[in-house]
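Protein chains in written order, with numbering that gives the first Met the number 0: chain A, 0 to 348; chain B, 0 to 309; chain C, 0 to 455.
Hints in this document: simulated from the structure, not taken from any laboratory.
Ideal Cβ positions, reconstructed from N, Cα and C, are used throughout, including at glycine.
Do not take every clue at face value.
To be verified - So the derived label-pair ranges between C-beta atoms look like this:
1) R124/B x F12/C: 21 to 31 Å
2) L301/B x G141/C: 31 to 41 Å
3) Q280/C x Q61/B: 31 to 41 Å
4) S155/B x K413/C: 16 to 26 Å
5) A156/B x G45/A: 38 to 48 Å
6) F254/C x I293/B: 31 to 41 Å
7) S152/B x L274/C: 51 to 61 Å
8) P149/A x L133/B: 47 to 57 Å
9) F254/C x A156/B: 37 to 47 Å
10) L57/C x L133/B: 24 to 34 Å
11) F255/C x L151/B: 48 to 58 Å
12) G319/A x L301/B: 51 to 61 Å
13) T172/B x Q157/C: 42 to 52 Å
14) P149/A x L274/C: 22 to 32 Å
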Amino acid sequence: MVSNSLLTVKDLKVEFDTYGGIVQAVRGVSFDVKPGKTLAIVGESGCGKSVTVQSVMGLIPMPPGRITDGQAVMHGLDGQDVDILGRKTINGQDIRGDKIGMIFQDPMTSLNPTMNIGNQISETLIVHRGMSKKDAFQRAIELLELAKIPEPDKRASQYPFEFSGGMLQRAMIAMAIACEPEILIADEPTTALDVTIQAQILDLLVDLQKENGMSIILITHDLGVVARMADEVLVMYAGQVVEHGSVDDIFYRSGHPYTLGLRQAMPTNDQNAARKLTPIDGSPPDLFNPPPGCGYCARCPHAMQVCQDNPPPVVDLGDGHWGRCWLHHADNPNHVEAIHSTHGGGSSD
Amino acid sequence: MGRYALKRLLQGVITVWFIATATFFGMHAVPGDPLAADKAMTETIRANLEAKYGLDQPLHIQYAIYLKNLVQGDFGISYTQENREVNDIIQEHFPVSATLGILAVVFAALGGILWGALTALYRNRLPDTIIMFLVILGISVPSFVVAALGQLSLVSANNLTGISILPVGGWGTIWHMIVPSMVLGLSTMAYLTRLMRSSMLEIVSSDFVRTARAKGVPATQIFTRHQLRNAILPVITVLGPQIAVITTGGFVVEIVFAIPGLGRYFVQAVQQLDYTVIMGTTVFYGAFLVFMVILVDFIYSLIDPRVRLE
Amino acid sequence: MAQTQTQPQQLDFTPIQQTEEIQGISRPSLSYWQDAWIRLKTNRRALISLYIIIGLLLFTFLGPLVWQVDPAQQDVNQISQAPFADRTVTLVKDYTPWNPTVYPQNGIEWEDTPNTEIVRLKWSPLEGADQYRIYRNVYPIGPERSLGLPLFEISADQTWSEDRLDLKPSTYYYTVVALDGQGRETDLYHEIEVELTRAITLTEARNRGLVAQGENAEIGTQFKYDLHPLGTDYLGRDMLARLMHGARVSLFIGFFAPLLYVLFGVVYGSTAGFLGGATDQVLMRSADFVVALPFLLFMILFKIVFGIGPGESGITPMLIAMVVLLWPSTARLVRGQILQIREEGYISASTLLGAKTNYLIMRHMIPNTMGVILVTVTFAVPSAIFTEAFLSFIGMGVAPPTPSWGSMCNEGIKTMLSTPHELIFPALLISITVLAFNLLGDGLRDALDARMRNRE
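Chain A with its partners taken away, still in its complex shape:
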């Protein structure tokens, strides 16, 4: 893999035991996180994007969860490359909260209701930096200020229920960046917030990234957020990555019908493109028993006989852009380079 990346995840597979059987939530996901860049993971609910990052962080409950295969190598950790998957501590140190910070979808429930904000931020500093309680609290106030919370010294001694959702997410961000992590994982950070607050939070993340030079893994189902934030995009469907590429690749040269479907389901403010929003019909396959072929086959407007029983190949579309689809296969008589048109159909540009 590329040597200049911070974190390399290779062939990650995660299962969950449930009432109905074993759910194969993540089925071989690989990606790289490059320093100072933002990697967006996109996909609809239940496609395994949260499970992927939570597995890397060691946050999935085990049992019922189980990481069956894969690696997550953190590069340059004490001058070494270390596989952090399934390990709580590296050299006695927890990398969680230190090298990797994380923020979650619902700030209202993601903070301890009986502990004040300042103490919750201090906790990280005390654990990882060995600060005294007083120093840590002082630093927490600075962090709150950094997260652009007004009156941070007063706010620090308040409790989560006294905060609004947007303010809480800022506090969460302050907490996540307390130890100046190299990677910040943002798991749908704006989903629970209203639109104006969303923009502010995203701006804050961009600003912090500029200042700290940290990498961000951004999980979202909102293509608008992707367009605004991401350098690279990973499109996930049914526990697999179906397409990977730069933002431009994804938006202008979509290499997979699913990516295209997502784009067509997204509203634009382009008045010339007088068109209806097109939903993707049907629902994702049952991950208790994933189909032998392409998971998207049943919903795909371009589906072919081959898609039903044969797992699609990964096809390089050039310059780090690749897709997992039979359409690009060399043997396909209707072989296409990219199916990026927003007007449906598999025609070339």
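With the hints as your guide, set chains B and C onto chain A.
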């Protein structure tokens, strides 16, 4: 905080007044003249009572006298024991019941929290299964049976070893208190264990615990600072009503273990239809329980900032 | 990126026509109650509990038809009889005065076969005895020499004695202690272990109809006493029959009190929740007061106030008291549910579509609160049974002679050490019933509460 306290106290006073009134009119609805009951009542007591309660007066004046006496903390004179004031009886016997009750509550609360947390951590594994089986038994066996079994096992333990390990009944030393308070606290402990377990399970899978783990906080610290503190809240909420359960459960335990507490005295008074003692102890117990609930609410507000700061 | 799998031989790149069926995953749709029932059926503990409850109902209502023994009937021959005890009784001759002629050389022995009608002991004189004191113990005389019950004292010229005092068919330990001139016990004694057989005299047997009047029966004939499968209580009443009849009282209160007060609570709570505003405020404030009343104290008070007239069992006052004191918790719960449901989107949607109030109540409110109410009732049953038992235990419940499990426990606890079965059976039944209802309640809650669906 101050306003909250004041409001709760005022509510408590009104509730006690309600209890006192209900008790008064309840007792006066007893068919026939309570004094004319076939009790061996001496002339002295009768004269005292008539003078004190104005029993020849209309009901509303009697009620006024009753309330006035209550406010002054005077519960009246026993019908069956000459010149014995209800206050004396309460003063003599309540400390015994209170000691027993407090020990039982402490035992139940500590045990419930401990076992509940333990079963949640060992969820669906052997310790969980065993403890939860015992818990469901503890909830399903009536208090007097537990008391009887407790005494029976004491007797057989003493018989087996040939020495008196712990006294079988009576009161006085700390040794007398151990088994009765455990017996008394048992069902509450079982109930609290269940509650603590489910609350703990909810907390374990909650978002903020996940956040704490993502922060890299060590497991023990997550347990003490994040899980325990939040999981205890529902346990504390029910502690108030559970104190009432323990108080009345104390009646039975006091009877079985021959403990000279107010509960046993109350049951005796009820069986002898000693009206003033019944009324006095009912109001006293009522007031006690109401203020216990308030006390528990205060403790709750100390732990949960959401209540404290409203 | 490399190809991830081997090339198939023949790849078919012809497009497929998408049809409707492939698009969705179809799972059978189930109604709320069907779903709940399926979930309950998979909960083994709840299902077993359900069978136990059905069994208890059969025991209560069909039991008395099978076991037709009057629960009030006293069997004076068998007082506090343990279950499955030996019921044989031997006919012995009527009492005739006794004057032994032959005495043991040294020691003590019995004459005739010792039985529950009479124990005859005779012994060799003890040196220097002025009087004899005879003790009887039901336990072996240990090293600490507890001799038991002193029966009588006789002068030293009589070296025999008869014991006819309340004998039970078990083993007794007799001690004859010599007393000196001042009536003090000396170190000299005889002791003997005597095993008694159950016996009845001819006259008694005639009186009790074991032997027909005027007929004669041979001494030594063996009869069988009436069968009491679970033994008898301290008045010789059949435990099984009493348990069956006691179950009626306990289960009657256990079912009806919760039904009545939950019903009242539902009506009250839904009225408050539905009307809202000032009415709601007033209704719920008054409910708060009732909640604050210490429940068991007021139950006791109620019993005193309503009293128990002669011939009454005291069940009605208990029912009334429970209904009056216990409705508020259900009322609060239902009100909360109604308020919550009122705010739900589907109610607004239904209203927008022109649904009338009646329709809303019938179609949305009731089905959505039914689950909670059902669970409440299930958990209320054991607490009502407990309450009855508690009150009966402290003598404030069902009036004797009507049996209830609680009052049977109350009676049984007095003889707990000697005849534990009188306590164990009713206590066991209470515990099993309460256990079954608790487990069923757990199962129902898990099955009905949508919030719990994804747990465990």
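Results of checking the hints against the structure:
{"no.": "1", "hint": "R124/B x F12/C: 21 to 31 Å", "in the structure": "violated, 53 Å"}
{"no.": "2", "hint": "L301/B x G141/C: 31 to 41 Å", "in the structure": "violated, 57 Å"}
{"no.": "3", "hint": "Q280/C x Q61/B: 31 to 41 Å", "in the structure": "holds, 33 Å"}
{"no.": "4", "hint": "S155/B x K413/C: 16 to 26 Å", "in the structure": "holds, 18 Å"}
{"no.": "5", "hint": "A156/B x G45/A: 38 to 48 Å", "in the structure": "violated, 59 Å"}
{"no.": "6", "hint": "F254/C x I293/B: 31 to 41 Å", "in the structure": "holds, 35 Å"}
{"no.": "7", "hint": "S152/B x L274/C: 51 to 61 Å", "in the structure": "holds, 55 Å"}
{"no.": "8", "hint": "P149/A x L133/B: 47 to 57 Å", "in the structure": "holds, 54 Å"}
{"no.": "9", "hint": "F254/C x A156/B: 37 to 47 Å", "in the structure": "holds, 39 Å"}
{"no.": "10", "hint": "L57/C x L133/B: 24 to 34 Å", "in the structure": "holds, 29 Å"}
{"no.": "11", "hint": "F255/C x L151/B: 48 to 58 Å", "in the structure": "violated, 33 Å"}
{"no.": "12", "hint": "G319/A x L301/B: 51 to 61 Å", "in the structure": "holds, 57 Å"}
{"no.": "13", "hint": "T172/B x Q157/C: 42 to 52 Å", "in the structure": "holds, 50 Å"}
{"no.": "14", "hint": "P149/A x L274/C: 22 to 32 Å", "in the structure": "violated, 44 Å"}
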